[in-house]
Amino acid sequence: MQISGGNINSVASNSGKSGDISISAADSFKVVNGANINAKSEGTGNAGTISITAKNGEISGAEVNSSTQNRGIAGEIVFKVANSFDLKSAIINTNTSGEANGGKISISAKKLQMLDGSSIRSNASNIGRGGDIDLQIGSLLLLRGQNSQNSRSFISTNAVSGSGNGGNITINIPNGFIVTLPNENSDITANAFSGGGGNIKITSVSNFFIEQRSREDLIRLLGTTDPNQLNPEKLSTNDITAFSQISPTLEGQVILNTLYLDPSKEFVELPTLPVDISALIDTSCAAFAEGENNKFNVTGRGGLPPSPNEPLSTDVLWTDTRTRAITTQQQGKHEPTTKPQSKPEAIKIAPATGWVFNGKGEVTLISHASNSNGIATPPASCPKR
Numbered sequence: 001m002q003i004s005g006g007n008i009n010s011v012a013s014n015s016g017k018s019g020d021i022s023i024s025a026a027d028s029f030k031v032v033n034g035a036n037i038n039a040k041s042e043g044t045g046n047a048g049t050i051s052i053t054a055k056n057g058e059i060s061g062a063e064v065n066s067s068t069q070n071r072g073i074a075g076e077i078v079f080k081v082a083n084s085f086d087l088k089s090a091i092i093n094t095n096t097s098g099e100a101n102g103g104k105i106s107i108s109a110k111k112l113q114m115l116d117g118s119s120i121r122s123n124a125s126n127i128g129r130g131g132d133i134d135l136q137i138g139s140l141l142l143l144r145g146q147n148s149q150n151s152r153s154f155i156s157t158n159a160v161s162g163s164g165n166g167g168n169i170t171i172n173i174p175n176g177f178i179v180t181l182p183n184e185n186s187d188i189t190a191n192a193f194s195g196g197g198g199n200i201k202i203t204s205v206s207n208f209f210i211e212q213r214s215r216e217d218l219i220r221l222l223g224t225t226d227p228n229q230l231n232p233e234k235l236s237t238n239d240i241t242a243f244s245q246i247s248p249t250l251e252g253q254v255i256l257n258t259l260y261l262d263p264s265k266e267f268v269e270l271p272t273l274p275v276d277i278s279a280l281i282d283t284s285c286a287a288f289a290e291g292e293n294n295k296f297n298v299t300g301r302g303g304l305p306p307s308p309n310e311p312l313s314t315d316v317l318w319t320d321t322r323t324r325a326i327t328t329q330q331q332g333k334h335e336p337t338t339k340p341q342s343k344p345e346a347i348k349i350a351p352a353t354g355w356v357f358n359g360k361g362e363v364t365l366i367s368h369a370s371n372s373n374g375i376a377t378p379p380a381s382c383p384k385r
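The sequence shown begins at 1 in UniProt numbering and counts up by one.
Hints are computed from structural coordinates only; laboratory data are not their basis. Be aware that a few hints might be false.
Quick list of in silico lysine to aspartate or glutamate cross-link-like pairs, DMTMM-like style, CA-CA up to 20 Å [as the list claims (entries may be wrong)]: (1) LYS110 - ASP86; (2) LYS17 - GLU58; (3) LYS234 - ASP86; (4) LYS201 - ASP134.
Simulated DEER-style distance windows between Cβ atoms [stated by the list, open to error]: (5) GLN229 - GLN253: 40 to 48 Å; (6) GLY34 - ASN83: 38 to 46 Å; (7) SER151 - SER22: 39 to 47 Å.
Idealized CB from N, CA, C, for every residue including glycine.
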């Protein structure tokens with residue numbers, strides 16, 4: 001289904017309510033080339049509801065409008081798109097310029113792409129409150145535009161003048177992202193002029209190049225305390241704000257439930273140089289002091305015989321009188337065995353490369369350097385023994 005250059009209107013000009021508009025497309029719907037879908041009120045009555053359902057949607061250079069200009073309440077706009085919903089220089093509007101509140105905007109889609117200065121807005125410009133905006137997105141909310149008045153993409157439910165309060169914005173993308181590009185002035189706002197700021201709640205995996213800012217942040221970045229100038233639109237950055245321009249005590253609430261943790265922020269830099277083991281070895285005189293040397297005692301096999309058929313050997317650390325009787329009995333049953341004489345190992349002679357003191361204070365030559373893994377040489381400053 002495509003609407004190109006034409007209008008679908010349901011407009012109330014007096015006290016009556018404008019009618020509702022419902023569109024259900026089997027596949028895709030497009031509103032392009034300056035076309036408009038209107039269910040608005042120009043009198044004291046309320047605006048109607050616009051409901052559109054399709055698999056894919058596109059609004060390009062066109063507007064969907066359920067606003068009011070008097071005391072009537074702005075209508076509701078509902079989009080249910082199964083896959084991709086693209087806005088290109090498009091406006092979805094439930095503003096009110098009278099005394100009533102802005103209307104509600106609800107959009108569900110797998111992807112919502114706001115391009116070339118598109119906007120979703122439910123603002124109030126008198127004593128009314130900004131409307132509520134509810135976005136249920138599957139994987140991606142993309143805001144792209146340019147840093148200019150007419151080319152930036154934004155989502156707003158502001159009370160732009162008077163004593164009204166900002167509305168509420170809920171963006172739920174539990175398995176996806178909000179993506180903007182730096183310095184394109186793509187804002188998400190629920191501000192008020194003299195009333196209280198609204199509430200913004202965003203749930204996503206991560207948000208790129210867009211950040212929350214308070215009233216104090218704008219004072220610092222804009223360099224002014226003039227309430228008329230405290231507008232995030234005057235910054236080139238992409239901002240999320242919910243505050244009162246007049247009163248610092250009427251700040252709204254921004255809740256960002258970001259599920260993604262940047263692993264790079266959890267990295268711990270480890271030293272690239274290996275540990276110098278020489279610094280872990282004590283080479284002071286105390287390391288060679290008398291009575292403080294380490295010892296290694298060889299105690300034998302602990303009484304175990306060479307074979308299970310032989311009795312316990314006599315090198316046990318305790319005396320058992322039964323071993324003599326067992327030895328006599330087993331010697332009568334087995335022929336004595338003689339061990340072959342082993343050839344003496346040749347003594348290897350190596351040149352001495354260092355010296356140390358032994359436990360008696362005598363000099364002992366060693367065949368490896370003092371800075372090797374062997375026994376360390378005492379410092380030259382140690383007293384001779």
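Going back to the hint list, which numbers does this structure go against? When the structure is compared with the hints, numbers 2, 3, 5, 6 and 7 turn out to be violated.
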